[in-house]
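Here are the chains, one letter per residue:
Protein chains: 2
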Amino acid sequence: MEPTLRDPTDPLIDHAEGQHFLNEAFKVIVEEVLCKGTDATQKVCEWKEPDELAVLLDLELREMGEPRGRLLQRVRDVAKFSVKTSHPRFFNQQFAGVDYHSLAGRFLTEALNTNLFTYEVAPVFVLMENEVLRSLRQLLGWTEGDGIFCPGGSMSNMYAINLARYRLFPEVKSQGLWSVPRLAIFTSPEVKITVSNSHYSVRKGAAFLGFGTDSLILVNVDDRGHMIPEDLDEKIELSKSQGVVPLLVSCTSGTTVQGAFDPLDQIADVCGKHKLWMHVDAAWGGSVLFSKQHRSLMKGIDRADSVAWNPHKMLLAGLQCSALLLKDTSQCHGANASYLFQQDKFYDVNLDVGDKSVQCSRKADCLKLWLMWKAIGSNGFEERVNKAFVLVRYLVDEMKNRDGFHLLNDPEFVNVCFWFIPPSLRGKEGNADYPSRLAKVAPVIKERMMKKGTLMVGYQPLGDKVNFFRVTVFSPLISHKDLDFFLDEIERLGINL
Amino acid sequence: MEPTLRDPTDPLIDHAEGQHFLNEAFKVIVEEVLCKGTDATQKVCEWKEPDELAVLLDLELREMGEPRGRLLQRVRDVAKFSVKTSHPRFFNQQFAGVDYHSLAGRFLTEALNTNLFTYEVAPVFVLMENEVLRSLRQLLGWTEGDGIFCPGGSMSNMYAINLARYRLFPEVKSQGLWSVPRLAIFTSPEVKITVSNSHYSVRKGAAFLGFGTDSLILVNVDDRGHMIPEDLDEKIELSKSQGVVPLLVSCTSGTTVQGAFDPLDQIADVCGKHKLWMHVDAAWGGSVLFSKQHRSLMKGIDRADSVAWNPHKMLLAGLQCSALLLKDTSQCHGANASYLFQQDKFYDVNLDVGDKSVQCSRKADCLKLWLMWKAIGSNGFEERVNKAFVLVRYLVDEMKNRDGFHLLNDPEFVNVCFWFIPPSLRGKEGNADYPSRLAKVAPVIKERMMKKGTLMVGYQPLGDKVNFFRVTVFSPLISHKDLDFFLDEIERLGINL
Ligand SMILES: Cc1ncc(COP(=O)(O)O)c(C=O)c1O
Ligand SMILES: Cc1ncc(COP(=O)(O)O)c(C=O)c1O
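These protein sequence lines map, in sequence, to chains A and B.
full-length UniProt numbering applies: residue 1 is where the first sequence begins, and numbers increase by one.
full-length UniProt numbering applies: residue 1 is where the second sequence begins, and numbers increase by one.
The shape of chain A in the complex, shown without the other chains (with noise of 0.2 Å):
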């Protein structure tokens, strides 16, 4: 499409190309993301190095356009060296797995492109948003408030802090944190000797707020990352004797690294007691709530003020999917700016939700839930989740049996976490130099199962505890024989290290 002198009358896209176009990118994605994609013969990744990418990919944005077959071999080429995050040997994030009726809906969802603002520009969105937050939040055993889809669950957890600090100074947000008394955040430690528990968005939540990580109130956990009552307790006595206000509990369910969930119930005594507002980050673990067998691990969430959860994640809504619920329903983002939302209009104005966001333009992130939950319904969902949970007990059955895998401890929820520890450092627990022979190994398996294409996990260390892989186990779409192929390559790539 070269520029020329078009008549200004005429429009300068043509329908018919387009679409032929779109008809054929159609394609190429059914074949090489969703068919080769999710094909466990085929490579989850096809590694390149970035120099060596980017001169692939051709990347570089020029003045003239080009023709419709290189621009398919771009499409194409994209899907190639892509990694295929659907793929049954995807383990390396809290998202895996597709569901092809999220996927319709996501495809919907950008073809009709509007913004979830007003009813009259997107009334079946504003609807849908209502009714599918309503319905999460009965899970929640909440009969009324509210809520609001955000992108991703780092802004809903900062969405309920700055709840909360309007809820106790509602003159914060005209004056000022200079107004107010000095607050305080409590949350776990993202890292405490051997445990991960609340996620670092608190942290980036705090300072983006204009609170300061100094804010953060990090409360003990036990050895499995439960954050400890007590502790919270004490600590919320400490910093009001030292002249701080206590305002925000953020306490966790499915902690992102082991998957550990705090014991809400006696966290909402805690908050009872003082009068604060009890966050739960549930953007991982709130899927349990859709199984009878799993969910007393969230008992207690009815008594909290505010939850963040995230269908992205273990529900295969696909990114981005973030729901922050409340409980109370008192607004505090409104701007009311009358030129976006005229008072005057011929339908009810509450349906004009786009004021309850700090963002202007927000997509419609309920359809593709929405029209998922219709396909499989809640026992579908409840189905999934009890999967998810036998195959976690395989998978550490296995481990067990097996020579060479430590796991770093028994899993509350589907991450698991373990190390290998190759032939040649087995029974060396005790030599010196055993911890940093073991922190090297799982960066080398890393590097091979990403050269080769077979496998993605991811490792961290934490505390005082090297590397160590994190398996994320959730995707409908595996199978034991998965979980063998996991245990049996891990194997292969590190038994001569």
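Rather than coming from a laboratory, the hints here were simulated on the basis of the structure.
Predicted model, so just to flag it, every value in this text is computed and none were measured.
Among the hints, erroneous ones may be present.
Each pair may be met inside one copy or between any two copies, as identical chains are not told apart.
Said to hold, decoys possible - Dumping the calculated EDC-like pairs for lysine to aspartate or glutamate here, alpha-carbon to alpha-carbon at most 20 Å:
1. K451 to D348
2. K27 to E17
3. K428 to D222
4. K275 to E237
Let chain A serve as the given structure and place chain B with the ligands on it in line with the hints.
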């Protein structure tokens, strides 16, 4: 899909069945959204009252899933009752039209479902985002710098404010606003007599980031809505004399309602004199930089410290696509979560961009823009921008030729603000009840067009100006005949008022 006692060794999702559904859904999307939805002979919206629509959509989420045919009908219903934002008669927002290359990029992004986090998990997108940001910075006239895609321009503006605060007082990240003097943010008023200027996100941002909305110091504007640099200078001096530290000026290139461009060069002089961070909110207007003919509207942009630019608006990249561009390269958002960003990787960990963001999961918003840019080149964007200005000129000339259309003023950009004066009010400007009667015209025309489904355009009051329409003319899909229709239809709808 009912829950049955399935063998846990089996996957829960059937790819063949899933892909079949996706194929069928794709056909519905093409037919309903892309064919009918862009066909001028079809409705732009299918208005239903909220209660009625809720019943039609049967939104409730239940225990049991539904069969394929029912789900496809749901896809069709969502499409049917949603507003067709790509329709040539949709002038309601700062987005409109459809670009098929961008849309293909969006489908591919959704299917790949990744997270712009580390090179390991998003190799293509990490490199691509860098390149797209570099190309956008080049248009600003910068040879180096940094940047990030944010979930919307409001977030981009907040990032800029946060970075400015960090540059001036790095200790604020740990110690919070209590540790620093009161800070002031300068911007033009959102509503001032006849003009609208800065976007309300600056105000929301000031509240969210803990400054409070009182930290905003409103700079006077001329009668077209341009910030007056001399007044900025005086306001800065004044706040200094009051012991407040001036932090940042947020000026606007392309205001939301009227499309005004602030005089950047003169504002840069004032910022230089006082060492203030100069942020330019070019969310809406930034795209003029593609046009040799029109980019002088943003003369001085190279002197800014940060720029927010939304390709999801005028460039048709699709929601969400918003870049924050930074001249400085020092980072502030990092949380250094070692469990997420391991330092002992086998590639350059500077490519692990996740820690730049206050988000954790972050959608890949670059591919759609990149693919569209590859398809039409910078020249293609230039042609689209130039064409928009030509169409605006045509519309304005037509309005001047017709009775009953009264412009607020001659447009500087692609926003055209006007009143429709129905015959019964013509020549009655002197009457005491004229403003109150005129105020009622736009809402009634709006209601009629929505119920008829022929057109969508927004209205608002502004200061002492009663309700007027703002039409944005930039979709490359439209032509003179769509603008003729626009005027004819407004006349038809308002003639008897
Ligand atoms: C416990 C927890 N909270 C919050 C988040 C952040 O969610 P998001 O990635 O959507 O910002 C995560 C995800 O990594 C998480 O595991
Ligand atoms: C001038 C201006 N700035 C910022 C924004 C906010 O951008 P977004 O809607 O992406 O948050 C808008 C959009 O309405 C705008 O017009």
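Here's how the hints hold up against the structure:
1. K451 to D348: between (57 Å within a copy, 15 Å between copies)
2. K27 to E17: both (16 Å within a copy, 16 Å between copies)
3. K428 to D222: Neither way: K428 and D222 sit 28 Å apart in one copy and 78 Å across, limit 20 Å.
4. K275 to E237: within (12 Å within a copy, 44 Å between copies)
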